[in-house]
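Student: So you can see what is in the structure, the chains are spelled out below.
2 protein chains.
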Amino acid sequence: REYQGAPTGTDRECRGWRQEAAFRLLNNNLDPEVAEKPEELIVYGGTGRAARSWDAYDAILEELRELAADETLLVQSGKPVGRFRTHERAPRVLIANSNLVGNWDTWEHFHELEAEGLIMYGQMTAGSWAYIGTQGILQGTFETLAELARQEFDGDLEGRIVVTGGLGGMGGAQPLAVTMNRGVCLAAEVDGDRIDRRVETGYCMERIDDLAEAIDRCQAAAAASEPYSVGVRINAADLLEGLLERGFVPDVVTDQTSAHDALEGYYPSGYAVEEADRLREQDPERYVGESLETMERHVDGILSLQDRGAIAFEYGNNIRGQVREERGMESAFDFPGFVPAYIRPQFCRGKGPFRWLALSGDPEDIHRTDEAVLELFPEKDHLRRWIELAQERVQFQGLPSRVCWLGYETDDSDGRYERPDDQRGELTERARFALRINDLVADGEITAPIVVTRDHLDAGSVASPNRETEDMKDGTDAVADWPILNALLNCAAGADIVSVHDGGGVGIGNAVHANNHVVLDGTDLAAEKAAAVFTTDPGSGVIRHADAGYEDALEEAERSGVRIPMREASGE
Amino acid sequence: REYQGAPTGTDRECRGWRQEAAFRLLNNNLDPEVAEKPEELIVYGGTGRAARSWDAYDAILEELRELAADETLLVQSGKPVGRFRTHERAPRVLIANSNLVGNWDTWEHFHELEAEGLIMYGQMTAGSWAYIGTQGILQGTFETLAELARQEFDGDLEGRIVVTGGLGGMGGAQPLAVTMNRGVCLAAEVDGDRIDRRVETGYCMERIDDLAEAIDRCQAAAAASEPYSVGVRINAADLLEGLLERGFVPDVVTDQTSAHDALEGYYPSGYAVEEADRLREQDPERYVGESLETMERHVDGILSLQDRGAIAFEYGNNIRGQVREERGMESAFDFPGFVPAYIRPQFCRGKGPFRWLALSGDPEDIHRTDEAVLELFPEKDHLRRWIELAQERVQFQGLPSRVCWLGYETDDSDGRYERPDDQRGELTERARFALRINDLVADGEITAPIVVTRDHLDAGSVASPNRETEDMKDGTDAVADWPILNALLNCAAGADIVSVHDGGGVGIGNAVHANNHVVLDGTDLAAEKAAAVFTTDPGSGVIRHADAGYEDALEEAERSGVRIPMREASGE
Ligand SMILES: NC(=O)c1ccc[n+]([C@@H]2O[C@H](COP(=O)([O-])OP(=O)(O)OC[C@H]3O[C@@H](n4cnc5c(N)ncnc54)[C@H](O)[C@@H]3O)[C@@H](O)[C@H]2O)c1
Ligand SMILES: NC(=O)c1ccc[n+]([C@@H]2O[C@H](COP(=O)([O-])OP(=O)(O)OC[C@H]3O[C@@H](n4cnc5c(N)ncnc54)[C@H](O)[C@@H]3O)[C@@H](O)[C@H]2O)c1
Chain U
1 REYQGAPTGT DRECRGWRQE AAFRLLNNNL DPEVAEKPEE LIVYGGTGRA
51 ARSWDAYDAI LEELRELAAD ETLLVQSGKP VGRFRTHERA PRVLIANSNL
101 VGNWDTWEHF HELEAEGLIM YGQMTAGSWA YIGTQGILQG TFETLAELAR
151 QEFDGDLEGR IVVTGGLGGM GGAQPLAVTM NRGVCLAAEV DGDRIDRRVE
201 TGYCMERIDD LAEAIDRCQA AAAASEPYSV GVRINAADLL EGLLERGFVP
251 DVVTDQTSAH DALEGYYPSG YAVEEADRLR EQDPERYVGE SLETMERHVD
301 GILSLQDRGA IAFEYGNNIR GQVREERGME SAFDFPGFVP AYIRPQFCRG
351 KGPFRWLALS GDPEDIHRTD EAVLELFPEK DHLRRWIELA QERVQFQGLP
401 SRVCWLGYET DDSDGRYERP DDQRGELTER ARFALRINDL VADGEITAPI
451 VVTRDHLDAG SVASPNRETE DMKDGTDAVA DWPILNALLN CAAGADIVSV
501 HDGGGVGIGN AVHANNHVVL DGTDLAAEKA AAVFTTDPGS GVIRHADAGY
551 EDALEEAERS GVRIPMREAS GE
Chain X
1001 REYQGAPTGT DRECRGWRQE AAFRLLNNNL DPEVAEKPEE LIVYGGTGRA
1051 ARSWDAYDAI LEELRELAAD ETLLVQSGKP VGRFRTHERA PRVLIANSNL
1101 VGNWDTWEHF HELEAEGLIM YGQMTAGSWA YIGTQGILQG TFETLAELAR
1151 QEFDGDLEGR IVVTGGLGGM GGAQPLAVTM NRGVCLAAEV DGDRIDRRVE
1201 TGYCMERIDD LAEAIDRCQA AAAASEPYSV GVRINAADLL EGLLERGFVP
1251 DVVTDQTSAH DALEGYYPSG YAVEEADRLR EQDPERYVGE SLETMERHVD
1301 GILSLQDRGA IAFEYGNNIR GQVREERGME SAFDFPGFVP AYIRPQFCRG
1351 KGPFRWLALS GDPEDIHRTD EAVLELFPEK DHLRRWIELA QERVQFQGLP
1401 SRVCWLGYET DDSDGRYERP DDQRGELTER ARFALRINDL VADGEITAPI
1451 VVTRDHLDAG SVASPNRETE DMKDGTDAVA DWPILNALLN CAAGADIVSV
1501 HDGGGVGIGN AVHANNHVVL DGTDLAAEKA AAVFTTDPGS GVIRHADAGY
1551 EDALEEAERS GVRIPMREAS GE
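Chains U and X, in that order, are what the protein sequence lines are. Residues in the first sequence are numbered from 1 upward in steps of one, following our numbering. Residues in the second sequence are numbered from 1001 upward in steps of one, following our numbering.
By construction, these hints were calculated from the structure, which means they are not laboratory data. It is possible that some hints are incorrect.
Said to hold, decoys possible - Simulated pairs of lysine to any residue, SDA-like, Cα-Cα distance not exceeding 20 Å:
1) U/K473 x X/L1118
2) X/K1473 x U/E112
3) X/K1473 x U/E114
4) X/K1037 x X/Q1135
5) X/K1473 x X/E1555
6) X/K1473 x U/H109
7) X/K1473 x U/P284
8) X/K1473 x U/H111
9) U/K473 x X/E1555
10) U/K473 x X/A1115
11) U/K37 x U/W54
12) U/K473 x U/A569
13) U/K473 x X/R1001
14) X/K1473 x U/E116
15) U/K473 x X/E1114
16) U/K473 x U/E555
17) U/K473 x X/E1112
18) X/K1473 x X/E1326
19) X/K1037 x X/R1001
20) U/K37 x U/F396
21) U/K380 x U/D370
22) X/K1473 x X/R1567
23) X/K1473 x U/G117
What the hints assert, rightly or not - A few chain X residues that don't get close to chain U, going by computed Cβ distances all over 10 Å:
24) L1118
25) A1223
26) P1340
27) V1479
28) W1482
C-beta: ideal position from N, C-alpha, C; glycine also.
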């Protein structure tokens, strides 16, 4: 089927903007600029779909066109299954995707049902109509490094050198995310073409294949406090050993080679790319053996640099698990994963990837929101950096959109935001910004409503023992009460779309997660809903982590007045 | 800890009746008259608890006392974890119990967490504060038989003979449920004391140990269209063979011996109870062997009676599974289970166990609702029968309560219910009754608010492949999107308490289910909420079964105007 993307402009097809928002977002998810395979309804992430079939897609649009201001549409694994009168303050769309009863919660059973057209894989933002293209990964990497800088340095990476490996689809965002944080990035990549591509698209500043020269350039840039990034065509394990030989210890070491897959993702040392590719075909077993051998040296290198003072973390490529499982290297887990180290502290404060889209389709509307967020949080330096660089370097895909991490409440914004009333002063960071956008829509400074949503990966919205809730302090990694409460609470607070999914990035049976959308159409009702949702939603992250005993969350609760009923029993 | 049950009367401890209702229901669940082990917070069903610990219990009550009319309390596996401002039309309490991510959704992991005080088993109505004692099983059995009578006879069991086995804790409700449906019940029970207990408490009319005499009495009663029940001290397998020898074929044959447990639940033929008990201790293996041998004869007897024209069904004791698994008897499943046969047709019409409690504690308030439901549905003969006999025979436990099955809309109630306005005329059976109660509260005919709730076992609220969703027409037994959508929809419609549980009667990992409460305090807001919830909640049962292709559901949707978006794709 030919496919066009979302309608734009200020005329609606639906009976109200809240319905129209769902209508446009579903179509935006399938925009050829946004979706991987729109003709198959696949948005991203394997088979993450926006609707179960084209018939289901058509039917959803028809329901949305007819949906009244006090009705709610039910979507079950990508198929519209019901429409009921609820009330105006309730969600317009409720979505549940891919959820299975525990003992049947397997890929095998899922695929049986899928083959008969009875279920759909919703991924995270695919089946909930909230995907915004590749802006997400860049911003996530930027934010992870920003948190590292807050924890370890003075809030940015100025004068700091980050060493990493892998400049592929996701990993390629690393050099830019480092320089956006004012730091210096030295990245090993065996494939010269990949480095060249990153340099061409502005994600990496230079390619230098001589290691000594690259190190010199990095040190000079760091000494001058200049942002700088360089890709070196070298195996990451060899790079680390080279650094150790030279007695050079970077400030940070991590990795985004595709170590999760020893055969198809990772390159063994001692081969040019084409040679290794030949070996893989001719002797896959030997390939894997050598690949794991290199990985062991790679992890050894990371640990040695850590011993010498570098900050080390794993970036979700499972390189620690590989060498522990396949090479019996128990010390592999002597450096932490990125979620417990850098994401969780933000979750504790209710921070997560807040994103918004301009329903008008007009990039100017997003630029106006960019200004607004900077006006509202002038003290947030890395936010300014992100917004400015995103404006410069991020190409919009489909409906213009933006993402940045905002949380519950920060103490440093007090007094800077002009408060129209007492209540507004008590609002969270996310709520204050949403209300500001709503005002701009009301004033006509933004031409059509803005929809605010987020990733399912957020503070209180996910249970995923292999990723977001890995290694929780109290061992509650797998407790799924939290995302379910988060969804119910979003519904209670008045989000316009609420969804609950099984699976996502880690697969069927490995995660339960929820998300929300709020349509800012400039009305008082939208303001009321936004104030509630953007308090309860990040707030559920604060309480979830407070309950697990995290000090950061208990502190944030104390500072921002989040009620923790059994506070004395939390924390240890 | 000493324990008193719910506060009663018209004075509140909380700031509003919606909060007070939660406060009283939690306490009611722990009333010594209601709960099995209130001192351990256990309400029923193994370890189904109302709160995680006494500290958590105290904290919930404290939160409820303080909870404002626009706030929502979050309860995670029996522990209060947060309290947020939402809005008045939203739920006051959101509950998630025992939910685990699929791959960790096992008793083993649950027990690990439970041992550390990190989770709680919520059963169905224990952790959601909706249990009402043994009235439920009696009414469920009554309703199952009523549905059988509707399907097979003229709507009741007048002149029909039902043969069954087992007069234990649950099975003891059978004779009364049969006579309440105007039928005749012949029940085999090996334990004479059990029969005597049923006779003493009025659940069974007579005990006659001579089989020929008992059959004569049954036939005479049936011929005279008189309700009658008799317990015979005999093994159920022997009873069925005795009937076959005499060429006597009852109208209905079923069984509620505890066949699910061959050692501790079922008695082999050829032994008096004490002899069998001795054998069990001395030679458990032989006991099980003989027990299974008897079960095979027992199932053979059921199948032979079915062949000769009796209606046969299994009553959830797994006797079919036992003989198929342990004795290789493939024909065992030639007679159906009770859910697909008699419960599902009701679920298709949105019917389920609607229950309500009088917060005043005054039995008169329930009697007034009894009158109201009869006034409202004068044509529902079996409803009248149930209510009248329940008034006579059911002793209230804790807060006075009542249960009856009501559904979406029936065509026979039109014109009889006086409609205050046009909209009310379009309402479902459940909604019409709830509004009537609300009017009675407003008028002061009922002294304090009534809370309406239901079992998690309901039309659209459960995914449970071993019980409620066994053998769904389209194979979607394990799809848990439905109970999650049901919970979200209840929240959207404005229920006062909404909960989502894993487990329940079939255990961790085997079911996901949801329930709701609506407080009828006589206000317009309560009326608005009730009208919405009691449409969406049974409606979600209609759409779930319509989606699976059940004709009854598609018909009900057609008749009652339930929107089925892809109707043409439903049914086959
Ligand atoms: N958990 C998360 O949230 C998260 C987020 C982003 C990425 N990741 C992980 O990061 C990894 C990278 O993702 P991607 O999409 O960029 O993968 P990709 O396969 O597109 O890129 C991997 C790159 O690494 C290079 N490479 C492989 N082995 C090397 C070696 N030994 N030395 C130097 N270069 C080598 C390859 O040439 C390739 O360019 C994956 O394992 C992914 O799962 C995880
Ligand atoms: N699926 C459901 O919703 C549902 C509902 C109710 C009961 N059940 C099932 O019904 C069964 C009965 O439940 P209960 O609580 O009454 O159990 P129970 O153990 O209290 O009672 C069983 C009775 O059967 C008698 N009995 C055992 N073997 C016999 C035999 N061969 N002949 C005659 N009498 C015999 C015992 O003496 C006892 O009185 C259980 O298997 C239960 O799981 C299922």
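Student: When you check the alpha-carbon spacing of X/K1473 and U/P284, does it fall within 20 Å?
Tutor: Measuring from Cα to Cα gives roughly 46 Å; hence the hint is violated.
Student: Taking 20 Å as the top limit, are the C-alpha atoms of U/K473 and X/E1112 close enough?
Tutor: holds (15 Å)
Student: For the pair we were handed, U/K380 and U/D370, check the Cα-Cα distance against 20 Å.
Tutor: With a Cα-Cα distance of about 13 Å, the restraint between U/K380 and U/D370 holds, given a limit of 20 Å.
Student: Checking one constraint from the list: CA of X/K1473 to CA of U/G117, max 20 Å. Satisfied?
Tutor: holds (14 Å)
Student: According to the definition I'm using, a residue is off the interface if its beta carbon is farther than 10 Å from all beta carbons of the partner; does X/P1340 meet that for chain U?
Tutor: Answer for X/P1340: holds, closest chain U Cβ roughly 17 Å.
Student: Starting from X/K1037, check that the Cα of X/R1001 is at most 20 Å away, please.
Tutor: holds (11 Å)
Student: Does X/K1037 pair with X/Q1135 here, judged by a C-alpha cut-off of 20 Å?
Tutor: holds (18 Å)
Student: For the pair supplied as a hint, U/K473 and X/R1001, confirm whether the alpha-carbon distance does not exceed 20 Å.
Tutor: Distance ~31 Å between U/K473 and X/R1001 Cα, so the pair is violated.
Student: Taking the closest pair, is the beta carbon of X/A1223 still more than 10 Å from chain U?
Tutor: Answer for X/A1223: holds, closest chain U Cβ roughly 48 Å.
Student: Holds or violated: U/K473 and X/L1118, Cα atoms, limit 20 Å.
Tutor: holds (12 Å)
Student: Measure nothing beyond the straight line between the CA atoms of X/K1473 and U/E112; if it is 20 Å or shorter, mark the hint as holding.
Tutor: holds (15 Å)
Student: Could you grab the alpha-carbon distance between X/K1473 and U/H109 and see if it respects the 20 Å cut-off?
Tutor: holds (16 Å)
This entry does not satisfy hints 7, 9, 13, 18, 24, 27, 28, going by the numbered hints stated previously.
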